[in-house]
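*Asks:* Listed below are the residues making up each chain.
Number of protein chains: 2
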Amino acid sequence: MSKETMSRRDALKLGVVGAGAAMLSAANAMAAAPIEKDVKFDEEYDVIVIGTGFAGLAAAAKAAERGYKVLILEKMGRIGGNSVINGGGMAVPNSTWQKKYGIQDSGELFIADCLKAGLGINHVELLETIVKRAQDALDFSIKCGAKWQDVKPAWFGGHSAPRSLVTDNMSGSGVIKPMHEFVEKLPGCKIMTRTKMDDFVMSNDGTSVVGVTARINYRFDAKLLSDDVENKTGEKKVYKAKKGVVLASGGFSMDKVYRKLQDPRLAEDMDATNHEGATAGALLKAFQIGAFPVHVSWIQQGPWASPDERGFGVAPLLTQQGLFKLGIAVDVRNGKRFMNEMADRKTRADAEYVILREAPKAYPVAIGTYNTFEEQVYPIMEKGITGGVMKKFDTIDALAANYKIPADALKETIKKYNEDAKNGTEDQFKKQSLKDVKGKEAIEMKGPFYAIRLVPKPHHTMGGLQINTKAQVISANTNKPIPGLYAAGEVTGGTHGASRLGTVAVTDCLTFGMIAGENI
Amino acid sequence: MSKETMSRRDALKLGVVGAGAAMLSAANAMAAAPIEKDVKFDEEYDVIVIGTGFAGLAAAAKAAERGYKVLILEKMGRIGGNSVINGGGMAVPNSTWQKKYGIQDSGELFIADCLKAGLGINHVELLETIVKRAQDALDFSIKCGAKWQDVKPAWFGGHSAPRSLVTDNMSGSGVIKPMHEFVEKLPGCKIMTRTKMDDFVMSNDGTSVVGVTARINYRFDAKLLSDDVENKTGEKKVYKAKKGVVLASGGFSMDKVYRKLQDPRLAEDMDATNHEGATAGALLKAFQIGAFPVHVSWIQQGPWASPDERGFGVAPLLTQQGLFKLGIAVDVRNGKRFMNEMADRKTRADAEYVILREAPKAYPVAIGTYNTFEEQVYPIMEKGITGGVMKKFDTIDALAANYKIPADALKETIKKYNEDAKNGTEDQFKKQSLKDVKGKEAIEMKGPFYAIRLVPKPHHTMGGLQINTKAQVISANTNKPIPGLYAAGEVTGGTHGASRLGTVAVTDCLTFGMIAGENI
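Those protein sequence lines, which keep their order, are chains A and B. 16 is the number that my numbering gives to position 16 of the first sequence; each next residue is one higher, with no gaps. 76 is the number that my numbering gives to position 76 of the second sequence; each next residue is one higher, with no gaps.
These are calculated hints, taken from the structure and not from any lab test. Quick caveat, the model's predicted, so the values are computed rather than measured.
The list treats identical chains as interchangeable, and a pair is accepted whether it falls inside one copy or across any two copies.
EDC-like cross-link-like pairs, simulated, lysine to aspartate or glutamate; straight-line CA separation at most 16 Å:
no., residue 1, residue 2
1, LYS440, GLU426
2, LYS116, GLU358
3, LYS69, GLU43
Extracted from the complex, chain A is given alone in its bound form (with noise of 0.2 Å):
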């Protein structure tokens, strides 16, 4: 390589100073993050947020509370990431809603659930601190104008006890909206969408995050096999966070090169339950500032999808608040239960494996009937059948003459199962919730019968970057925090450990969405 080659720093400022699009348009490929002295800003902000899902609307809304100029940066066109699709359960240990419908929990409890789903290696500390300020997240969302159903918090799997609110409207956007409305109404906020962060832009001393270089108009295109590196749509523009950045750029369930590479089984053509923006770009340049990559080969994939529709849809509501908690999943080649329906997602998601690697087309089916389903999901139910997710049948032959499961050996298994409710024994798989059910049937055989495919979805990355209880990003080449860098959400790891709880992931960016903006 010469000596004669022109430098990236040079580059960037002739780049930004004389316009150069073209020139700074390849920036991406290049190594280094820019530094304050080669860079001419464009714009000045106290704050600037990467994202618009859970996270970041919390963070840039309690920083614009606190009377700070925040600019939010989104690279797609619309707001909400995967939190707008995302269902809208939100585990809230000893939230004042257990209180008022009279259920037990404890701090210590749901740290013990989260620990046994993620194999242990969660960091407890920011468990701890999701125990502390769950509350004051909820109730910020509330502030915001989230509404949430006031009925019994719903018992997810993995968890021991009900402890999950969902929104009024069963999806995130019930949250994202309203929080949204409240960002753009205070003074000095400003949302971008389509813009998108390239990389940061450092102190003159390398050490500090002083803003980011961004491109506008620019297009996701989910035809690329990496977004991220091959698109060059968009102009490039420079602006100062004189406060901070809070990186809340979620997760990468849909980038087909590095999810990839974490799981060679995960084919680029595979479907996932995100949105297709969801790459693992920014994430990627935090490491390259000196973020610590903690537990990024942890892919979680959802247990409760269906094969029968595209990315999250309806199934994983129905499965979870319909077919799984009182009813069962059967092997479509034996009629046979082969997991506990209510156990955490690796470990449901891992059995349905076994039987899809025996045999690919093999999905196994969700079986329920009415009085399986919560009521807050009756809304949904004919949402499901409608869009051919879920099918209805009149008799257990009809079903199982539909997926080619041997009809008595399907019967035989939902009477010992129903026995087992109605006795209040235990079922072969010890699940706590058919405790639920007592003196009658689980599965009510007058019918009708609801049935879903199932398939494991890549639904959520565990891994991320290392932050602290504070919400900073903890740098490898100092051991502390990197000054400016605030982050939240998915684009961290450590609390789920290997594997996440359902309805933890709401907590998790709201919580720590809200800790970055408090501190920033």
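Starting from the structure of chain A, add chain B where the hints point.
*Replies:* Frame of chain A, contents of chain B only:
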């Protein structure tokens, strides 16, 4: 941060030109790697190799053999990293040795074994490369002077066939010492110990590696929480690498900070099988110039280590080639077996942890008799006994009394086990290797009996940076190789997936070290 603050570039330039050593010693606290035009090279080489383990020496030997001027940097005072204290076993599928001793094997079987232990997330193209080139790597080691025992290959846990060669002295030093001498003799090859690489030097456009910054007269300090961050000893030097740098800096099982981020159960004072210098510093610097982190959360713990010695010690050899294949491991609380003693490492370490979590001091005990030992380890048996790691008992009663194992239960366990061995029936854990015993006792009841207490120790960090089959490091910024950067051995990720099989590390390191030296 003021714009007047001196930039890192300026600091480095000043430092090198003006000998500002104090300022430069803090360079590793800063973010970005320096670029070529901002440094003054003290010396120029064709190739710079970081690390003197199997991978580093193989790369150096191969590159030097091609006529290149090679500089090898070793941060410790001695050559060989973990390799020189390793057990000296190398798995070679389809080896000339196997053919000589009439052992059936295949590349497919080797890859299937690795994928099974690796939980299916191994990068198969790297395993295929090993299948193609492991014999070449073995031959190259012999050319360099390594001596391997000319006996039937050993059968290690998780392998479906005996395919592991062992060095004459049953230690990795049997490869490292001759390879070190081979390298020293080649013209233009220079090894510098106590010389720590601090960072890469990048080309002026930031895309290629053109050298390294390092410190000579550096003294590793095991007492520091993080030597990589805190140690300020040594004097700065800058070395040019005209052809490129081979990163062969090993794993991070002794990095108190980084290993704990991946698994918080690994307390700072926890022993490992590794030498004290096995830290993540160089790996983390590679992430900072864009290398992809792969599988870094997977830390393998050796299920064959003993709490009765520090570090690697002799227990791994005495258990793997003495007590596990035909002997047994028992839970001291009930005298029962609790695992297939020949399962893969993760399965066995997890099984030991189940016991140790229930009763932290109840170390399981491995038990065998003289006939259970392989000929190769006879010379080490006495060393194990005099060192206090292995104990010898005349009777089962004496053994049981010593470890407080219920004697009757233990006798019952051995009786059942011996019956299975004698009758050729499958034992409770389906241990394949037991089929080697025909018509007699596996554990000879006449004694004497040998026993070793077991504890898992962090042994090998599975993850690292992403390489291709040419040992080129892949950039997250381009999805293409970083020009001038190669890597091999434990610093890379992918080959072993979630968990490595025994003796495949030597294969991985020698093969990809050789390939890096061939391609650079």
